[in-house]
Amino acid sequence: MRSIFFEFKESFLIALKAIRANKIRSILTMLGIVIGVTSVVLMTTAIKGIDNSFQKGISALGSDVLYIDKWAWFSNDEWWKMRNRKNIKMEDYEKFKSLAKLPLAVAPVTNARETIKFQDKKIDGVFLNGSTYDYLATTNFTFDQGRFYSEIESKSARYVAVLGSEISKSMFPRGNALDKSIKIGGVDFKVVGVLTEQGSFMLGSFNPDNQVFVPIGTIFKNFMNEHNNTITINVRSRTPLLLEDTKAEAEGIMRQIRGLTPGTENDFSVNQQEGLMDNYNSVVGVIQIAGLFITGLSLFVGAIGIMNIMFVSVKERTKEIGLRKAIGAKKRAILGQFILESTTICLMGGFVGLILASVLSLLINRFIPTSIEYGVVFLAIGVSLAVGIAAGFAPAYTAAKMDPVDALRYE
Amino acid sequence: MNIINIEHISKVYKVGTEEVHALRDISIKINKNEYAAIMGPSGSGKSTLMNMLGCLDTPSTGVYDFSGKSVSQMNDNELAKIRNKEIGFVFQTFNLLARSDAIHNVELPLIYAGVPKAERRERAQQALIDVGLQDRMHHKPNELSGGQRQRVAVARALVTRPSIILADEPTGNLDSKTGEEIMYLFNQIYEKGNTIILVTHEEYIAEHAERIVRIKDGLIESDAKVLKRYIPKLEKISEGEGI
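Just so you know, the sequences run in chain order A and B. The opening position of the first sequence corresponds to residue -7 in my numbering, with each subsequent residue numbered one higher. The opening position of the second sequence corresponds to residue 69 in my numbering, with each subsequent residue numbered one higher.
Don't read these hints as lab results, they were simulated from the structure. Just so we're clear, the structure is a prediction, and the values are computed from it rather than from any experiment.
A few chain B positions that, by computed beta-carbon distances, are all more than 10 Å from chain A: (1) Ser78; (2) Val83; (3) Glu86; (4) His89; (5) Lys97; (6) Gly111; (7) Ile197; (8) Gln202; (9) Pro209; (10) Gly214; (11) Lys284; (12) Ile288; (13) Val294; (14) Arg297.
With a straight-line Cα cutoff of 25 Å, these simulated DMTMM-like cross-link-like pairs (lysine to aspartate or glutamate) come out: (15) B:Lys97 to B:Glu270; (16) A:Lys311 to B:Asp144; (17) B:Lys185 to A:Glu2; (18) A:Lys322 to B:Asp169.
All residues carry an ideal CB built from backbone N, CA and C; glycine is no exception.
Work out the full structure: start from the sequences and follow the hints.
Have a look at this one:
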């Protein structure tokens, strides 16, 4: 056992010497692996990062919240069928709220997009979320400053607003948003609260960080006609376990409110986060496989480069191999020497690739979320090792099989 | 006991569809502390015979016993082991590792023999001292003259304390003065009790040995004692000289 370790160590030293002897060649060969490993690791961390972000975003929708809308989030039905459905009105909501027993909270929601201004700062197309004071209970919002609008403010449609964290950061970089008067769509509103960062990057406009929350009445008064538009009814169940029951009750009530006879289809949709998650998972799965395959190709190219160079190296050192064999090197010593050489180059390349990928992922984190995990480190090392052994084997075997007499005679 | 006992060996190579009979019927016995030269023109089979003697190749037919062990039946690993422990090669083209210094070159057979580092170093150093290169231990081959390189090769051949030294045209790439220095070195080694087999096509070099075996066309022509051996008359080996 000890002699195997001894042989390994000696072969390793010989391999290192060979790598050092031809520094430029070794570095160029390594480059192929570096690029391959960097791209594989980078792709993996980017996908993981986006995945995490999506998961966060989706869970922000709440696994215990129903969204009753005339539109369905996912549907095989034609769009026009849904378009022709009756709008959901505020009176539907009022009736729903009085009849529903199971939910923890019920809130109507409508949206508009307006420009908001404060002194010299302006943002166009800001997503307005108009609802009632009940809305807060359908979310997991926490506050950085101030509070949500109150029941009175909500009922009398006072011109108060709650800002999402990103909106607040843009308009009030020094963080002093509270009690300031801003213009929304030209109308004065007072800021009564700022949310903490919800961090669901991927939802874009639907990200609460980028929204402004106002009493629904203010939207109907200034930005939108109540009667020509549909609203969504958000329903939160008391516990996630009660969700199905809450959903069943909600459907029943809605059918009643909308005057649907038994046997007719729903003319509304009860949407929930669960469908979104399944849909998302299948999409991400495909992206992951495709991405890995493509970056894996670049690694494969790097491996071919190594194999190529090793063959050249073996041929160049034919006389040396002959000499080593003449002095008594066994086949496995020669085999070991060359496999170790290619594996060492690959491991070094993998290591550099890993560092490069880490640095790059920190840089691109500003644009795409990335997340480095220990699993990826082992992946990079394992892959480099495997590539080194696989790519080095054929050339090493060629060397080991050489006839010493012929090798010594080689010019 | 004979170190080398070869009986009726032959060697046939296939070159494409042709068969080449490099050795037809060779029988030789070599004893301990003999100094033998093998001579023959090109194509005589002397290189093939040398490869046999050096256990670099096995005969097609016949018996080759080395220190009582039957070499002709051995596999590659066993042959490698014998080469490592029992045979010291000296080549015409020196065959040193260009990127390693003298002492690492001399250590090489000991590495393959599994000798631990400290003992290895010591033996290599002693071998280099024995050939007069104590001041050149860390020089690389390109920093050494031809004669010095060959001396490193000789030190490498000696370091494993082999049963035989096998030298293939050892002075072929050296000028006559340097060549003579190497032959003086061989003589010293012989007088210390080693067994030397010299392969050469030069009569003058062959006559440094005490016995000449002549080969032609794969057969032994003659195998006789040298009547008047040429013994080099240098006072000492000069270091750093001999370009």
